[in-house]
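K.L.:
Could you build all of it, start to finish, from the sequences and the hints given here?
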Amino acid sequence: MTVYRTNILVCGGTGCVSSASLDVYNKFKKLITSAGYDKEVKIIKTGCFGFCEQGPIVKIEPDNVFYVKVNKKDAEEIVNEHIIKGRIVKRLLYKEPNSKRIIEKHQNMPFYKKQFRIALRNCGLINPEDIYEYIAVGGYEALGRVITKMNRDEIVDIIKKSGLRGRGGGGFPTGIKWEITKNNHSDKKYIICNADEGDPGAFMDRSILEGDPHNVLEAMAIGGYTIGADKGLIYIRAEYPLAIERLDIAIKQARELGLLGNNILGTDFNFDIEIKLGAGAFVCGEETALINSAEGKRGEPNYKPPYPAQEGLWGKPTCVNNVETFANIPAIILNGYEWFSSIGTEKSKGTKVFALAGKINNVGLVEVPMGTTFREIIYDIGGGIQGNRKFKAVQTGGPSGGVITEENLDTPIDYDSLSSIGSMMGSGGMIVMDDTTCMVDVAKFYLEFTQDESCGRCTPCRIGTKRMFEILTKITDGKGTKEDLKNLEQLSYMIKDGSLCGLGQTAPNPVLSTMKFFKDEYLQHVVNKVCPTGRCKGLAKYKIDPEKCVGCTACAKVCPVECISGKLKETHVIDQNRCIKCGACFEACRFNAVIKPK
Amino acid sequence: MALKNINITINGKNLTVPEGITILEASNRAGVKIPTLCHLDLHDLKMVNKTASCRVCIVEAKGRNTLVPACVTKVYDGMDIRTNSIRAIRARRIAVELLLSNHPNECFTCPKNMDCELQALAAELGIREIKWEGEKIDLPIDTSSFAIVKNPNKCIMCRRCETMCNEVQTCGILSAISRGFSSFVGPAFNISMAESSCTYCGQCVAVCPTAALTEVNNTDQVWDAINDPDKYVIVQTAPAIRVAIGELFGMEAGTIVTGKLVTALRMMGFDKVFDTDFSADLTIMEEASELINRLENNGRLPMLTSCCPAWVKFIEHQFPELLDVPSTCKSPHIMFGTIAKTYYAEKNNIDPDKIVVVSVMPCLAKKAEAKRPELTKDDANNVDIVITTRELGSMLKEAGINFNTLPDSEFDNPLGESTGASVIFGTTGGVIEAAIRTAYEWMTGKELEHVEFTQLRGMEGIREGTVKINDIDLNIGIAHGLGNARKLLEDIRDGKSKYHAIEIMACPGGCIGGGGQPYHHGNIEIIKKRQQAIYNEDKNKAIRKSHENPYIIKLYEEYLGKPLGHKSHDLLHTYYTAKEKI
Numbered sequence: 000m001t002v003y004r005t006n007i008l009v010c011g012g013t014g015c016v017s018s019a020s021l022d023v024y025n026k027f028k029k030l031i032t033s034a035g036y037d038k039e040v041k042i043i044k045t046g047c048f049g050f051c052e053q054g055p056i057v058k059i060e061p062d063n064v065f066y067v068k069v070n071k072k073d074a075e076e077i078v079n080e081h082i083i084k085g086r087i088v089k090r091l092l093y094k095e096p097n098s099k100r101i102i103e104k105h106q107n108m109p110f111y112k113k114q115f116r117i118a119l120r121n122c123g124l125i126n127p128e129d130i131y132e133y134i135a136v137g138g139y140e141a142l143g144r145v146i147t148k149m150n151r152d153e154i155v156d157i158i159k160k161s162g163l164r165g166r167g168g169g170g171f172p173t174g175i176k177w178e179i180t181k182n183n184h185s186d187k188k189y190i191i192c193n194a195d196e197g198d199p200g201a202f203m204d205r206s207i208l209e210g211d212p213h214n215v216l217e218a219m220a221i222g223g224y225t226i227g228a229d230k231g232l233i234y235i236r237a238e239y240p241l242a243i244e245r246l247d248i249a250i251k252q253a254r255e256l257g258l259l260g261n262n263i264l265g266t267d268f269n270f271d272i273e274i275k276l277g278a279g280a281f282v283c284g285e286e287t288a289l290i291n292s293a294e295g296k297r298g299e300p301n302y303k304p305p306y307p308a309q310e311g312l313w314g315k316p317t318c319v320n321n322v323e324t325f326a327n328i329p330a331i332i333l334n335g336y337e338w339f340s341s342i343g344t345e346k347s348k349g350t351k352v353f354a355l356a357g358k359i360n361n362v363g364l365v366e367v368p369m370g371t372t373f374r375e376i377i378y379d380i381g382g383g384i385q386g387n388r389k390f391k392a393v394q395t396g397g398p399s400g401g402v403i404t405e406e407n408l409d410t411p412i413d414y415d416s417l418s419s420i421g422s423m424m425g426s427g428g429m430i431v432m433d434d435t436t437c438m439v440d441v442a443k444f445y446l447e448f449t450q451d452e453s454c455g456r457c458t459p460c461r462i463g464t465k466r467m468f469e470i471l472t473k474i475t476d477g478k479g480t481k482e483d484l485k486n487l488e489q490l491s492y493m494i495k496d497g498s499l500c501g502l503g504q505t506a507p508n509p510v511l512s513t514m515k516f517f518k519d520e521y522l523q524h525v526v527n528k529v530c531p532t533g534r535c536k537g538l539a540k541y542k543i544d545p546e547k548c549v550g551c552t553a554c555a556k557v558c559p560v561e562c563i564s565g566k567l568k569e570t571h572v573i574d575q576n577r578c579i580k581c582g583a584c585f586e587a588c589r590f591n592a593v594i595k596p597k
Numbered sequence: 000m001a002l003k004n005i006n007i008t009i010n011g012k013n014l015t016v017p018e019g020i021t022i023l024e025a026s027n028r029a030g031v032k033i034p035t036l037c038h039l040d041l042h043d044l045k046m047v048n049k050t051a052s053c054r055v056c057i058v059e060a061k062g063r064n065t066l067v068p069a070c071v072t073k074v075y076d077g078m079d080i081r082t083n084s085i086r087a088i089r090a091r092r093i094a095v096e097l098l099l100s101n102h103p104n105e106c107f108t109c110p111k112n113m114d115c116e117l118q119a120l121a122a123e124l125g126i127r128e129i130k131w132e133g134e135k136i137d138l139p140i141d142t143s144s145f146a147i148v149k150n151p152n153k154c155i156m157c158r159r160c161e162t163m164c165n166e167v168q169t170c171g172i173l174s175a176i177s178r179g180f181s182s183f184v185g186p187a188f189n190i191s192m193a194e195s196s197c198t199y200c201g202q203c204v205a206v207c208p209t210a211a212l213t214e215v216n217n218t219d220q221v222w223d224a225i226n227d228p229d230k231y232v233i234v235q236t237a238p239a240i241r242v243a244i245g246e247l248f249g250m251e252a253g254t255i256v257t258g259k260l261v262t263a264l265r266m267m268g269f270d271k272v273f274d275t276d277f278s279a280d281l282t283i284m285e286e287a288s289e290l291i292n293r294l295e296n297n298g299r300l301p302m303l304t305s306c307c308p309a310w311v312k313f314i315e316h317q318f319p320e321l322l323d324v325p326s327t328c329k330s331p332h333i334m335f336g337t338i339a340k341t342y343y344a345e346k347n348n349i350d351p352d353k354i355v356v357v358s359v360m361p362c363l364a365k366k367a368e369a370k371r372p373e374l375t376k377d378d379a380n381n382v383d384i385v386i387t388t389r390e391l392g393s394m395l396k397e398a399g400i401n402f403n404t405l406p407d408s409e410f411d412n413p414l415g416e417s418t419g420a421s422v423i424f425g426t427t428g429g430v431i432e433a434a435i436r437t438a439y440e441w442m443t444g445k446e447l448e449h450v451e452f453t454q455l456r457g458m459e460g461i462r463e464g465t466v467k468i469n470d471i472d473l474n475i476g477i478a479h480g481l482g483n484a485r486k487l488l489e490d491i492r493d494g495k496s497k498y499h500a501i502e503i504m505a506c507p508g509g510c511i512g513g514g515g516q517p518y519h520h521g522n523i524e525i526i527k528k529r530q531q532a533i534y535n536e537d538k539n540k541a542i543r544k545s546h547e548n549p550y551i552i553k554l555y556e557e558y559l560g561k562p563l564g565h566k567s568h569d570l571l572h573t574y575y576t577a578k579e580k581i
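The listed protein sequences correspond, in order, to chains A and B.
If you read the first sequence in numbering that gives the first Met the number 0, its first letter stands for residue 0, the second for the next number, and so on.
If you read the second sequence in numbering that gives the first Met the number 0, its first letter stands for residue 0, the second for the next number, and so on.
Keep in mind the hints are simulated off the structure, nothing from the lab.
Nothing here was measured: the structure is a model prediction, and the numbers come from that model.
Among the clues, some could well be false.
[Claimed, not checked] BS3-like, lysine-lysine: derived pairs with alpha carbons at most 25 Å apart: (1) A:LYS84 x A:LYS38; (2) A:LYS540 x A:LYS528; (3) B:LYS130 x A:LYS528; (4) A:LYS303 x B:LYS45; (5) A:LYS478 x B:LYS135; (6) A:LYS303 x B:LYS32; (7) A:LYS89 x A:LYS29; (8) A:LYS389 x A:LYS536.
P.N.:
Below is the structure:
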């Protein structure tokens, strides 16, 4: 094995790739080769570093220097200055926006300081397309230990004692799921990796698969061994081409080294993995819908029981775990359940990955111990609200969750605390909103999503969520009534109570939680016909200030719907019922008499 | 195996019930009614719709976070169920209100008016306003086929049709398309029914709770023909009509109303009221001859009956390599059309072009069959209009005919005379039983003492029996329901079939359970009662073997010559065409 003096790690996650990190990578290759350093300097395309806001990210090892927002031209400077002359390129270092401090090493950055990486431990560290790099950091050691030294009950016991719970949202104890599937006898069993990540704005699973695919493959093999499955399936949405490509490479490499296939590591354990592409339906993240889709049927959930552990893929006992859940397994085996269960809160152990998005300074992927508070994530890790605006709310759990407000910012995050404040863990989307966000509009956004993603099977979800969306649209259009609010609430409870699967049962959550915490805002919309943030265009009103209007008729002349009336030299008036809010009158007025809505 | 009994509570009342039953079944035992909509339990046909999609039957179960659907949730020991809590009642009501909010508000003009399960449910729950007004699904109505009208705007996504089409009939035509609010049921890629491989068995129509699937209505054409002075309008009625149409007038299922039916048809103004049973006897003459011919001359075996047009279309699409196994006999009502426009026309000196043959059938596939190109290429060779039992019922009501009080009368002759053998065509196993009655006597030259082959009767999906004729042990197979038919066909394809002759009917129970019959709304007892009535009607007949029908004998003497002869081959036999499977 060649030993290099320097490694240049270039982020190859989807976020950085879309900011042209591959150009940077290629530029480095070209520069290093033409400078004749290709025997001593290695360029590595890694998985996601998490700090997407600052991408493309380049890290120099072993110097531990973290460059941000690197472009092709910068690559030249890094090679000339840092690689050749050993001088750090200061202008490409991270500058903390609040203190304006320049920070060279990532572990000193507030973004990374409070993070603790288990699931993401290898992302940004190794080349995901090289199995030897995974092995070099302890990869496949857990699998080896499990299949040569441990019996299936021992593994179940470790996972149970670790306290690991499903990271897809439900939070079901993983060890128990494995145990139930293990105990169901059958000639054939399956283990499925649920990579149908569908929450708007969430990309935790994608980053893990892009950055550390072998971690998931290894965990699936461990799971397969434990439950007695010889076949694994990764159900992944076709919209994740990079993750699919890297999984494909990883599976081939693992097969070549005998880490997948027959007689793994010389034992009698056979296990192989197949990738199944989904067409990107949100509901296929529900395990029975996923199984239907994997079988080539319509992607819609079934009534449970039977649970997949009893009758899953092709009617056989099947264990379905989320990507992030799997990503914790090898580390638990290697470090022991005591280590894992020492992290987190009483009932939620380990860490959780969140995709931090919205009106926050440090957009990106973060992994924190359970029990970290929202305040820490938003203000310490996330660097606070963009433009120093006022925090309004944060949404967790995506379309199934709810909003968390100022009063709950110090809640330590875990499965149970989130449920108790009306939201849920979900798969890890975390969208931060500031005072320019209209909460009715937010609720409408989520309902538009769920009613579109409903499979259409059961009445409450198929028709009910559509009706909720229609009522919300009516409210944001300024046509809502107090009766609508009552109906919305009643319908919400019925849909939660009466829907067939989790999608419908949680779809009303964004509405119920915004109605609970921002009732006034709803009332403003329906009673005063005002959107306090000005987001709802349907409620926006152009007005003419009678003090300033001189009656020049310019506004009336340009109005395309002729809704402005008034005689020459007299005050003009806009007919609100006919106004289409085009703004032409505002542009035309030379006396600042037309008042534009916020 | 004896089921374990468990204790549960329904609405505060303690009950002991067998483990493994659903809340719905348990509450039925307790005399507690839980309304249902998508649920359909056709246990005897091996079909239970378990989609649990309508959410009308949701009830409270202590310890569960959400309400649970009673139709699929199994009871467990100690389960505490509340079916009538305000929470359950409100949720149920909203579910129905939501369905109504996306349903055309046109009960007055709907073909299922007063026969619609959604309408009945709304009445039962006392719905007085539709609270959730909003967009309604607005899709084109599929009128492409001659048999079935598909109106997706009335679909409530109960998926009964889908279960029937896929699990019972194994045709795989209907399935849910699109998603969310835009979901509806239709053929793959939303092609039209006519473009699909639909057999038009009509079982989807039979189980549809609303008017999302109905028959193509041909009643106006019948009234026009009757009232056209230039037309000589002949009506024929299938065997299964006489044991079912009474239900439309409030009679008990299984009431035999043959005489009233004839009187009613005459009152409507048909020139002649004949019986498809006559041509069923004719079918036996040809089909029994064909079977004997195949047995004696090393022909293709097994021979399959060909009376059921849905079954014929099924084999053309699904097993195009097996088109040499069905008998080449036209179906009885098509044979009737041919004889009416040839023999009968000649004999009575009527211009065949002026004859209009109307078939009253329990079937939707017969509508499409009458339009098959090979059966319509010669104008004097076909059936003109096909109406169902239900359509005839509505015409009688429209004409103000008080069916219940009508006196009996007899069919016209010669095409109205029939035997017991032809009557049993109306139920599964009947055609083959009738054929055996004749084949036995022809092959042995001896009189058949016991004409009832009870071993061939019943409601099991696949039945078999062996009849010794001379030195042949004739193995007979019977299937009703196309999924059962598929099993027998797969055996034939794989060279594993042990049968000499097989009868197949597409509909569960045979024609008595046809897609054009009065709606059974999930009560299979109705079909069983119709079957019993068919057997009773056979018993009451003086002549019970087709070849003894005097008018059939006369038809051969005067016109056709002999079975499988040149003329009968020309007029009474047909061919099949391989069709695409979509």
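K.L.:
Please go over all the hints and tell whether each is borne out by the structure.
P.N.:
Here's how the hints hold up against the structure:
1. For a cut-off of 25 Å, the pair hint linking A:LYS84 to A:LYS38 stands: about 17 Å separates their Cα positions.
2. With a CA separation close to 10 Å, the supplied pair A:LYS540 and A:LYS528 stays within the 25 Å bound.
3. Straight-line distance between C-alpha atoms of B:LYS130 and A:LYS528 comes to about 23 Å, which keeps the hinted pair within the 25 Å bound.
4. Of the supplied pair hints, the one linking A:LYS303 and B:LYS45 holds, its CA atoms being roughly 21 Å apart against a limit of 25 Å.
5. Restraint check for A:LYS478 and B:LYS135: satisfied, since their Cα atoms lie roughly 20 Å apart, inside the 25 Å limit.
6. In summary, the hint linking A:LYS303 to B:LYS32 is supported, as the alpha carbons are separated by about 24 Å, within the 25 Å threshold.
7. A hinted pair counts as satisfied when its Cα atoms are at most 25 Å apart, and A:LYS89 with A:LYS29 qualifies at roughly 23 Å.
8. Under the criterion of a C-alpha separation no larger than 25 Å, the hint pairing A:LYS389 with A:LYS536 is consistent with the structure, at around 22 Å.
Hint compliance for this structure: every hint is met.
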